[in-house]
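S.K.: Letter by letter, the chains look like this.
2 protein chains.
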Amino acid sequence: MKAKVYVTIKQNVLDPQGNAVQGALHTMGFDEVGKVRIGKYLEIDLGTNDRAHAEERLAAMCEKLLANTVVEDYRYELED
Amino acid sequence: MKAKVYVTIKQNVLDPQGNAVQGALHTMGFDEVGKVRIGKYLEIDLGTNDRAHAEERLAAMCEKLLANTVVEDYRYELED
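Chains A and Y, in that order, give the protein sequences.
Adding 69 to a residue's 1-based position in the first sequence gives its number in the working numbering.
Adding 69 to a residue's 1-based position in the second sequence gives its number in the working numbering.
Hints may be right or wrong, so weigh each one.
Stated by the list, open to error - Here are the computed lysine-lysine pairs in the DSBU-like style, where the Cα-Cα straight-line distance is at most 30 angstroms:
#1 K133/Y <-> K109/Y
#2 K109/Y <-> K79/Y
#3 K109/Y <-> K73/Y
#4 K79/A <-> K71/Y
#5 K133/Y <-> K133/A
#6 K109/Y <-> K133/A
#7 K109/A <-> K133/A
#8 K104/Y <-> K109/A
#9 K79/A <-> K109/A
#10 K71/A <-> K71/Y
#11 K133/A <-> K79/A
#12 K104/A <-> K79/Y
#13 K79/Y <-> K133/A
#14 K133/Y <-> K104/A
#15 K104/A <-> K73/A
#16 K104/A <-> K71/Y
#17 K133/Y <-> K79/Y
#18 K71/A <-> K109/A
#19 K133/Y <-> K71/Y
#20 K73/A <-> K133/Y
Unchecked claim - Listed next, the stretches of chain Y that the computed footprint assigns to chain A, with coverage defined by at least 3 CB atoms under 8 angstroms from CB atoms of chain A:
#21 97-104
#22 107-114
#23 128-138
#24 141-147
For the record, the hints were derived by calculation from the structure and aren't laboratory data.
All residues carry an ideal CB built from backbone N, CA and C; glycine is no exception.
Go ahead and model the full structure; you've got the sequences and the hints to work with.
M.R.: Below, the structure is given as structure tokens:
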């Protein structure tokens, strides 16, 4: 079973990387571009086929390592 | 119109960041975890409501700045 995990910076937290990309896009002529927010996208092979177990383990991984829940949100999708 | 962009490392390219996370998960007791691949996830405010135009501009941004197409793939979704 595989998981796709999306880790994003919370809405009220500054995203300097996103601001830098926005500035670069403007410099390159993409002036119409508004806010840019950058997060992480992870694909993980969970090594189990038990969906409930996989979900429980994955939530623990996100809380403990993959996301810094002080400033980041996470969500995930499970795939068979 | 907003876009979600996913930038991932090509399948045959090494992902040291993913390997490091896999190792860390094993160390933390998540021994069942297999391959981990890490990419970027971007949310971009495109500043236009013309879907065809937005898609054309977004593809150009991906090719020129957001993804390194030598070693990365990208895909995107447009949202009204």
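S.K.: State for each hint whether it applies.
M.R.: Outcome of the hint check:
Using a Cα cut-off of 30 angstroms, the hinted pair K133/Y and K109/Y holds, with the two alpha carbons roughly 16 angstroms apart. Pair hint K109/Y plus K79/Y holds up; C-alpha atoms about 13 angstroms apart against a cutoff of 30 angstroms. Simply put, K109/Y and K73/Y have alpha-carbon atoms about 10 angstroms apart, close enough for the 30 angstroms limit, and the pair holds. The suggested pairing of K79/A with K71/Y holds, with an alpha-carbon distance near 17 angstroms, which does not exceed 30 angstroms.
For the hint linking K133/Y to K133/A, the alpha-carbon distance of about 35 angstroms lies beyond 30 angstroms, and the restraint is violated. Taking the CA atoms of K109/Y and K133/A, the gap is about 20 angstroms. The hint holds against a cut of 30 angstroms. Using a Cα cut-off of 30 angstroms, the hinted pair K109/A and K133/A holds, with the two alpha carbons roughly 16 angstroms apart. As the CA atoms of K104/Y and K109/A are separated by approximately 16 angstroms, the hinted pair is consistent with the 30 angstroms bound.
The hinted pair formed by K79/A and K109/A meets the criterion: a straight-line CA distance of about 13 angstroms does not exceed 30 angstroms. About 27 angstroms separates the Cα atoms of K71/A and K71/Y, which keeps this hinted pair within 30 angstroms; it holds. The suggested pairing of K133/A with K79/A holds, with an alpha-carbon distance near 17 angstroms, which does not exceed 30 angstroms. Taken as a hint, the K104/A and K79/Y pair is honoured in the structure, with Cα atoms around 27 angstroms apart against an allowance of 30 angstroms.
At roughly 27 angstroms between alpha-carbon atoms, K79/Y and K133/A fall within 30 angstroms of each other, so this suggested pair holds. Our distance criterion of 30 angstroms between C-alpha atoms is met by K133/Y and K104/A, whose separation comes to about 18 angstroms. Only pairs whose Cα atoms come within 30 angstroms are accepted, and K104/A paired with K73/A is accepted, the gap being roughly 24 angstroms. Of the supplied pair hints, the one linking K104/A and K71/Y holds, its CA atoms being roughly 9 angstroms apart against a limit of 30 angstroms.
Taking the CA atoms of K133/Y and K79/Y, the gap is near 17 angstroms; set against the 30 angstroms cutoff, the hint holds. For the suggested pair K71/A and K109/A, the alpha carbons sit about 16 angstroms apart, so the restraint of at most 30 angstroms is met. For the given pair, K133/Y sits about 19 angstroms from K71/Y by alpha-carbon distance, which is consistent with the 30 angstroms threshold. At most 30 angstroms may separate the alpha-carbon atoms for a hinted pair to count; K73/A and K133/Y meet this at roughly 26 angstroms.
Figure legend: the region 97-104 of chain Y, annotated as covered by chain A; annotation consistent (6 residues with Cβ-Cβ distances under 8 angstroms, at least 3 required). For a cut-off of 8 angstroms, the count of residues in the region 107-114 of chain Y with a CB near a CB of chain A stands at 8, and the three-residue condition holds. For the region 128-138 of chain Y, the stated coverage by chain A is satisfied: 5 residues place a CB nearer than 8 angstroms to a CB of that chain, which reaches the threshold of 3. A stretch counts as covered by a chain when three or more of its residues have a beta carbon under 8 angstroms from one of that chain; for the region 141-147 of chain Y and chain A the count is 0, and the coverage is violated.
Comparing the model with each earlier hint shows violations of hints 5, 24; every other hint is respected.
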